[in-house]
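A.B. asks: In order, the protein sequences belong to chains A and B. The first sequence begins at 145 in my numbering and counts up one residue at a time. The second sequence begins at 145 in my numbering and counts up one residue at a time.
I should point out that these hints are in silico values taken from the structure, not numbers from a laboratory. The model shown is predicted, which means the values in this text are computed figures rather than measured ones. Honestly, I wouldn't trust all of these hints.
Note: identical chains are not told apart, hence a pair may lie in one copy or across any two.
Distance condition first, Cα-Cα at most 25 Å in a straight line; then the derived SDA-like pairs of lysine to any residue [unchecked claim]: (1) K216 to G320; (2) K387 to G430; (3) K149 to S475; (4) K149 to G476; (5) K216 to E325; (6) K149 to A486; (7) K149 to Y485; (8) K387 to P421; (9) K149 to H487; (10) K522 to R509; (11) K149 to V188; (12) K216 to F347; (13) K149 to G270; (14) K149 to A321; (15) K216 to G547; (16) K149 to A265; (17) K149 to R478; (18) K387 to R531.
Number of protein chains: 2
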Amino acid sequence: MSSEKPAVRLALLGCGTVGSEVVRLLHEQAADLTARIGAPLELVGIAVRRPGRQRGTIDPALFTTDALGLVKRDDVDVVIEVVGGIEPSRTWLTEALRAGKSVVTANKALLAEDGATLHDAAAEGGADLYYEAAVAGAIPLLRPLRESLHGDRVTRVTGIVNGTTNFILSSMDATGAGFGEALDEATELGYAEADPTADVEGFDAAAKAAILASLAFHTRVTAADVFREGMTGVTAADMASAKEMGCTIKLLCIAQRGPDSTGNESVSVRVHPAMIPRSHPLAGVGDAFNAVFVEAEAAGQLMFYGRGAGGTPTASAVLGDIVAAARNRISGTRAPSESSYAHLPIRPIGESVTRYHISLDVADRQGVLATVAGVFAKHEVSIATVRQSGREEDATLVIVTHGAPDANLAATVEDLRSLDIVRSIASVLRVEGGV
Amino acid sequence: MSSEKPAVRLALLGCGTVGSEVVRLLHEQAADLTARIGAPLELVGIAVRRPGRQRGTIDPALFTTDALGLVKRDDVDVVIEVVGGIEPSRTWLTEALRAGKSVVTANKALLAEDGATLHDAAAEGGADLYYEAAVAGAIPLLRPLRESLHGDRVTRVTGIVNGTTNFILSSMDATGAGFGEALDEATELGYAEADPTADVEGFDAAAKAAILASLAFHTRVTAADVFREGMTGVTAADMASAKEMGCTIKLLCIAQRGPDSTGNESVSVRVHPAMIPRSHPLAGVGDAFNAVFVEAEAAGQLMFYGRGAGGTPTASAVLGDIVAAARNRISGTRAPSESSYAHLPIRPIGESVTRYHISLDVADRQGVLATVAGVFAKHEVSIATVRQSGREEDATLVIVTHGAPDANLAATVEDLRSLDIVRSIASVLRVEGGV
Chain A
145 MSSEKPAVRL
155 ALLGCGTVGS
165 EVVRLLHEQA
175 ADLTARIGAP
185 LELVGIAVRR
195 PGRQRGTIDP
205 ALFTTDALGL
215 VKRDDVDVVI
225 EVVGGIEPSR
235 TWLTEALRAG
245 KSVVTANKAL
255 LAEDGATLHD
265 AAAEGGADLY
275 YEAAVAGAIP
285 LLRPLRESLH
295 GDRVTRVTGI
305 VNGTTNFILS
315 SMDATGAGFG
325 EALDEATELG
335 YAEADPTADV
345 EGFDAAAKAA
355 ILASLAFHTR
365 VTAADVFREG
375 MTGVTAADMA
385 SAKEMGCTIK
395 LLCIAQRGPD
405 STGNESVSVR
415 VHPAMIPRSH
425 PLAGVGDAFN
435 AVFVEAEAAG
445 QLMFYGRGAG
455 GTPTASAVLG
465 DIVAAARNRI
475 SGTRAPSESS
485 YAHLPIRPIG
495 ESVTRYHISL
505 DVADRQGVLA
515 TVAGVFAKHE
525 VSIATVRQSG
535 REEDATLVIV
545 THGAPDANLA
555 ATVEDLRSLD
565 IVRSIASVLR
575 VEGGV
Chain B
145 MSSEKPAVRL
155 ALLGCGTVGS
165 EVVRLLHEQA
175 ADLTARIGAP
185 LELVGIAVRR
195 PGRQRGTIDP
205 ALFTTDALGL
215 VKRDDVDVVI
225 EVVGGIEPSR
235 TWLTEALRAG
245 KSVVTANKAL
255 LAEDGATLHD
265 AAAEGGADLY
275 YEAAVAGAIP
285 LLRPLRESLH
295 GDRVTRVTGI
305 VNGTTNFILS
315 SMDATGAGFG
325 EALDEATELG
335 YAEADPTADV
345 EGFDAAAKAA
355 ILASLAFHTR
365 VTAADVFREG
375 MTGVTAADMA
385 SAKEMGCTIK
395 LLCIAQRGPD
405 STGNESVSVR
415 VHPAMIPRSH
425 PLAGVGDAFN
435 AVFVEAEAAG
445 QLMFYGRGAG
455 GTPTASAVLG
465 DIVAAARNRI
475 SGTRAPSESS
485 YAHLPIRPIG
495 ESVTRYHISL
505 DVADRQGVLA
515 TVAGVFAKHE
525 VSIATVRQSG
535 REEDATLVIV
545 THGAPDANLA
555 ATVEDLRSLD
565 IVRSIASVLR
575 VEGGV
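With the hints as extra help, turn the sequences into a complete structure.
C.D. replies: Quick look at the structure:
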């Protein structure tokens, strides 16, 4: 396994759950990595906030609190960032890329909010920017989108990209528990953080959706372009209703290309809970697993499935990128750079065609259905199915629509809310996956 | 979309189902491909056996019967081969690679039988050799194995890589039909060829297994190294028995690394029908879809799912490779070459640890189970479950074993066959996926 080539020198920014796994794997797999790269990898420094902390068997001399200083060192070839957040990571990585150093990062927030700055710096410095670990952890997903499907036209990407919420929804589906109970279980088992906002409100999924949409459609999409609705409002009754329809509920990120209302090609990106049929490949993705379903004109339907988070799976993706970056440095080349030539406009959520599942508590009177149906017709929303179950004084109407612009559906719900005969709107959920 | 860079010139060998789709997509996606590559693609010639045949709107001047002459032309940068078979494809591709021309091929048979010759020629000529379409059609699978998982250690690859047999087994599972009836249906619908031998006897899957094992374990594995058992012996009774156990039956290719009987790291590659639990992600892969389940030390469980065959999906994979090869030519670089440094030995099937499901028709006498159990014990095979159902004169014993070397299991079955009390062995099937 010896090699005459000089080592490729790595600087690691961050040494938490993922960082420490990266160090462990670099050490354990050293012989294999050297053989695959054609040169050894050498870790020359690790930037941390608290250098005094004991970190297993890692040589204490490697630690520094001066991340920017480490990035600027002449003996650093590849910078690996597993800190997260916008600043100071953006400053470090921009500095590295401009100086021609390769960057491997797992920082989805930065890529989704301001990926352009990183891509521009990479172009300026002629450097590699890899971020496989930023979306869906261990699943090799970005490289296929970036490269394998480059001869095809991707039309839609539908993903379960947040493990915490998938764990919660899978548990609600399996046990009939409500959101609060399932969240408590997830927190106890370490699947949810003490403050679960980023997960349950869909911020994490929205960042990943922006990155996926950018790659799939060759267009810069940021987190601000993503319509986002969390899943805290999904109730046990919603899940029961989904089951009756042969569905389950998942928090989906959906990125789609297609003509807008004026016929121009555009991109729509959204994150929200949705009912999907149990026969859909995404419906069976349980526990904290992630999966991304890709539809392309020539390839047809593809799905990628695996662990979306966790120190070791994420470190696997980081290591894969390190190997790629190191090989490129040795052969004096670089990976395909960002492809954002298409510049497709972003379609607002109101123009996205979706389907709604609406559950209404109504007065059990003659003519209720006719009145309700009239509201749908007024907004040009076509009804696919209606289920009515009467009780003594009240009745429940469950209506599933055909596809219609989201704005029309939202206006329909608003109008229903103002009807006397509608006592309450028990739930409104989007329906996906061709029910 | 204009580009100042000169065109990358392509020669296509073969213009059947896949080839004609490649031509169509090259034409339809021309503007996008040019933008993604940074230069236009130009098809300069198509080698076919019968040039007179009408082929849609393709310029007849492109056709030639002289494939070798086309490959040797100075104005050819990338050679695309979709003919199949060992010769003359091997001669054409070796010629191209040695001359430094990039090769994109879908030829699984050639890669599985003599990939070494192609890889050596690529190394000699400093040329790219891409073959994403050779395994699992449209599914981006080889690039993730070749690159994304290069920082990890793959331990096992379990795949459904033949669409014809998956269609047949899915149909047997859904309808209770026997093999013959399901095969007839597959033939009628165009899923099975007039001579289905390559599919149903597992030759096609074995070639793909060799390619997957080579990539996963950085070791040259050929089709001759793969243990192969077809699925023509799977009966409606087997499928019914699988259902009773909460399983279904799939034709699997399994490539695994692990210590052999002397403790040395080795590789085992096999193709055979097997029972897998319905809860396994591969169990839900229906119709003619393919899926490959990958287990790696750090990444954990991954699955890749999509269309494994068909002109358009396969053409998508070919186009992705063409884009990669063209980008490399323009930037004067090449893809990571073959990684076969590990040179792991191939473990014979007898040493592979598997589990058996054995169904016996036995005489309904006292002591039968004790006698049968004694045979298992003699060969050091541990029994996991026994189910006995008696009839007037006969009884059926269904035995599922724990994991044991395949040779011990085979010897057990041989001994059972010679027992007086065993009237017949109704079926023997391997069991996978942790039932």
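A.B. asks: All the hints need checking, so say for each whether the structure fits it.
C.D. replies: Hint by hint, here is what the structure shows:
1. In this assembly of identical chains, the alpha carbons of K216 and G320 never lie at most 25 Å apart, being 54 Å within a copy and 67 Å across copies at closest.
2. Taking the closest pair of Cα atoms, K387 and G430 come within 25 Å of each other both inside a single copy (15 Å) and across two copies (22 Å).
3. Within a single copy, K149 and S475 get their C-alpha atoms as close as 11 Å, and across copies as close as 23 Å, so both meet the 25 Å cut-off.
4. Taking the closest pair of Cα atoms, K149 and G476 come within 25 Å of each other both inside a single copy (13 Å) and across two copies (21 Å).
5. In the homo-oligomer, the alpha carbons of K216 and E325 never lie at most 25 Å apart, since the shortest distance is 49 Å inside one protomer and 69 Å across protomers.
6. In the homo-oligomer, the alpha carbons of K149 and A486 lie at most 25 Å apart only across protomers (19 Å), although the nearest pairing inside one protomer, at 40 Å, exceeds that limit.
7. In the homo-oligomer, the alpha carbons of K149 and Y485 lie at most 25 Å apart only across protomers (17 Å), although the nearest pairing inside one protomer, at 37 Å, exceeds that limit.
8. In this homomeric assembly, K387 and P421 come within 25 Å of each other (Cα to Cα) both inside a single copy, at 9 Å, and across copies, at 23 Å.
9. Proximity of K149 and H487 under a CA criterion of 25 Å is satisfied inter-copy only: 22 Å between copies versus 42 Å inside one chain copy.
10. Taking the shortest Cα distances, K522 and R509 sit within 25 Å of each other inside one copy (21 Å), while across copies they are farther apart (77 Å).
11. Proximity of K149 to V188 under the C-alpha cut-off of 25 Å is restricted to the intra-copy arrangement: shortest distance 17 Å within a copy versus 40 Å between copies.
12. Taking the shortest alpha-carbon separations for K216 and F347, neither the intra-copy value of 32 Å nor the inter-copy value of 55 Å comes in at or below 25 Å.
13. For the identical chains of this complex, K149 and G270 are neighbours both inside a copy (22 Å) and across copies (19 Å), given an alpha-carbon limit of 25 Å.
14. Neither within a single protomer nor between protomers do K149 and A321 lie at most 25 Å apart by alpha-carbon distance, with minima of 58 Å and 61 Å respectively.
15. Taking the shortest Cα distances, K216 and G547 never come within 25 Å of each other, neither inside one copy (54 Å) nor across copies (55 Å).
16. Proximity of K149 and A265 under a CA criterion of 25 Å is satisfied inter-copy only: 24 Å between copies versus 28 Å inside one chain copy.
17. In this homomeric assembly, K149 and R478 come within 25 Å of each other (Cα to Cα) both inside a single copy, at 18 Å, and across copies, at 19 Å.
18. For a Cα distance limit of 25 Å, the shortest separation of K387 from R531 inside one copy, 14 Å, qualifies, whereas the shortest one across copies, 34 Å, does not.
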